[in-house]
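Engineer: This is what each chain is made of:
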Amino acid sequence: MTYDDQVIKLSNISKRYEMGGEQFYALRDINLHITRNDYVAIIGPSGSGKSTLMNILGCLDIPSSGEYLLDDQPVASMDEAELAKIRNQSVGFIFQSFNLLPRATVLANVMQPLVYRMLPTSERQNMAKQALQRVGLADKLGHFPNQLSGGQRQRVAIARALVTKPAILLGDEPTGNLDSKTTQDIMKLFDELHREGHTIVLVTHEQEIADHCQRVIRLVDGKVAKDSRNDAAQRERLHV
Amino acid sequence: MFSGLHAAIEGTRAALASIRAHAMRSALTTLGIVIGVAAVITVVAVMEGLSSSIDAQLDDLGSDMVTLRATTSQEQAMLGFSNKLSYDDFLVLKAKVKDVEDMSASMQAFSFGSTVSYGRETIQTQVIGTDSGYQKVIKVFPQQGRFIRSTDDDRRRRVVFIGESARKKLKLPDNPIGEFISLSGEWFRIIGVAEERGSLFGFDQDNYIIAPFSTMASLAGARVTENIDILFRPAAGADLDNVQTQIRQILRKRHHLSGDDKDDFEFITAKKTKESFAKVTTSVTLVAGGVVGISLLVGGIGVMNIMLVSVTERTREIGINKALGATPNFIMLQFLVEALVLSLFGGIIGLLLGWGLAVFISMLMPSMPGALVPGWAIALSFGFTTAIGVIFGLMPAVKAAKLNPIDALRYE
Ligand SMILES: Nc1ncnc2c1ncn2[C@@H]1O[C@H](COP(=O)(O)OP(=O)(O)OP(=O)(O)O)[C@@H](O)[C@H]1O
Ligand SMILES: [Mg+2]
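So the sequence lines, in the order shown, correspond to chains D and L. Residues 1 to 240 in this note's numbering are what the first sequence spells out, letter by letter. Residues 1001 to 1412 in this note's numbering are what the second sequence spells out, letter by letter.
Derived from the structure by calculation, the hints contain no laboratory data. Check before you lean on any hint, since a few could be wrong.
As the list claims (entries may be wrong) - One-sided excerpt, in silico: chain L residues whose CB lies under 8 Å from chain D:
no., residue
1, Gly-1293
2, Lys-1322
3, Ala-1323
4, Gly-1325
5, Phe-1330
Backbone N, C-alpha and C fix where the C-beta goes; we use that ideal spot for every residue, glycine too.
So that you can see chain D by itself, here it is in the shape it has in the complex (with noise of 0.2 Å):
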């Protein structure tokens, strides 16, 4: 593993909130480098940081000090349209609250940031198409979010967050709201894009999505508090 492979290096990320006067830490001190290809499961409970750290990582959120270098180049560094671009191209985000458009339907919303790279409508189209079908929602490209199940909505926001083909995919428990044969189905196509070459970091609260990745970090408190490798035959008894 060569020092150049570490597409996301993290030195001293700490985030810090002024409640009331007070100085609250949502993350202290995070020091993290994320391999290319790696495959990444964030653990911890409810509270301790995960979804801070991934809006950082997908350079959504600002550290309040510390460096993050996504592809070595110092995130802090970027004006907002460098990091709109980076949005776009290179990290693919699912949220934990889907954020979905709810004036726009199902494609609309896949198609949404194809919407900011010069491609004909019809490319659009046919690229958020695919990603539906990918996720199983092929038949649900005219409805509103409003119209479309918990699990539907999280398969839109996993559809919008491949369709840009990004290097990084940054998932904050992108199976929350699935039953456990549809979370098979989405794990598969996460397992797919990571042999694709994707680099792959999941927010969950599930062992058994943390025991199929290859490398779990669990934060307690805003810190780092266990980072291991789950070793190859336990990930090759999970699979399916």
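For chain D, the structure is supplied; the task is to place chain L with the ligands on it using the hints.
Structural biologist: Just chain L with the ligands now, kept in the frame of chain D:
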């Protein structure tokens, strides 16, 4: 990665979708602009229509005719004086002034219009006492019979030449020559009917009765010194300024005006009438412009208000779009386009409404030939609404563009 054009197209698409989603609200938002633009178009169209028809009619009247009339200053009026031009003034001018083709004295017989009757019909009309020269100066031609001749004047004949609407109002026969009408109790014989002139400024120009000057003067009795108007036409090729100077010198001497006294008379030319009318239209247009400017300002603030509401309402949506890769410029352009589309939409509706209103008004006013919407008014309206869209859309658009993605996503 994005060209501005791409962002503009996508921004327009997003803007139209959002306007459609809030059709009612969008319509109400643009109301201020609709009213503003409709008002400017209506006023301009009506004023333009009016002034073009007036210009045409004034030209028709003969632009070289000059009316000389006594003026009384405000101070004099307050002291109870009123300046006059007398028949003697007229006779002196007629004898002495050179380079004048025709000169005629005209007397407004009774200042408030007079009661004229035929059979059982009684009407109020304008009675003018004048001489034969009047016909040439004012270019009034008989459609039947003849105009007043100098012999009528010399012999104080009781004859009248009448306008077409006076004839109609009195219910005189189609050919009224030889009929008698009663003018303040005296009988006059009709000798001619004038060609119709139509109306000017909405006033009927055919409701008048002309009698010989001397006849009227004798009827007026003690009022022979009654104020008169003197009408003349400078000879072809003559310098009007020179003619006016001659008249001024004679009259000032006759009226015993010393060096620094003001003239107690004035020259009224068609050009002057046109100019003073142009002044009126300009000031009406300016006042209307001010009112319209204010209403457009209010309309613009309405657009800004709704755009600010829209930005707040769509904070989460903006956050999502930013998370998906929308640049600040893209978001800004989208909201700017939305404001622009809203205000242009209001501009187009306002234009159509104003045009319709102007046409309607011109139909109600028979003397108006038709409303004219000049190109500059259309261009101005669109320029203005575009400017409003940009100016008042900028602040909300910048606000949207500046939103921090994670804060916007957390916004409830
Ligand atoms: N904007 C904020 N202002 C103040 N405190 C915040 C803010 N965002 C997050 N926090 C705090 O930071 C801590 C970590 O929050 P975070 O959302 O990262 O937790 P999490 O690990 O994702 O929890 P869960 O498993 O419930 O999703 C929480 O205690 C939360 O209250
Ligand atoms: Mg969370």
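Engineer: Give a verdict on every hint.
Structural biologist: Now for the hints, and whether the structure bears them out:
1. Gly-1293: violated, 36 Å
2. Lys-1322: Holds, because the Cβ-Cβ distance from L:Lys-1322 to chain D comes to roughly 7 Å (cut-off 8 Å).
3. Ala-1323: holds, 6 Å
4. Gly-1325: holds, 2 Å
5. Phe-1330: This hint holds: L:Phe-1330 lies near chain D, its Cβ roughly 7 Å from the closest one there, short of 8 Å.
In this structure, only the earlier hint numbered 1 is contradicted, and the remaining ones agree with it.
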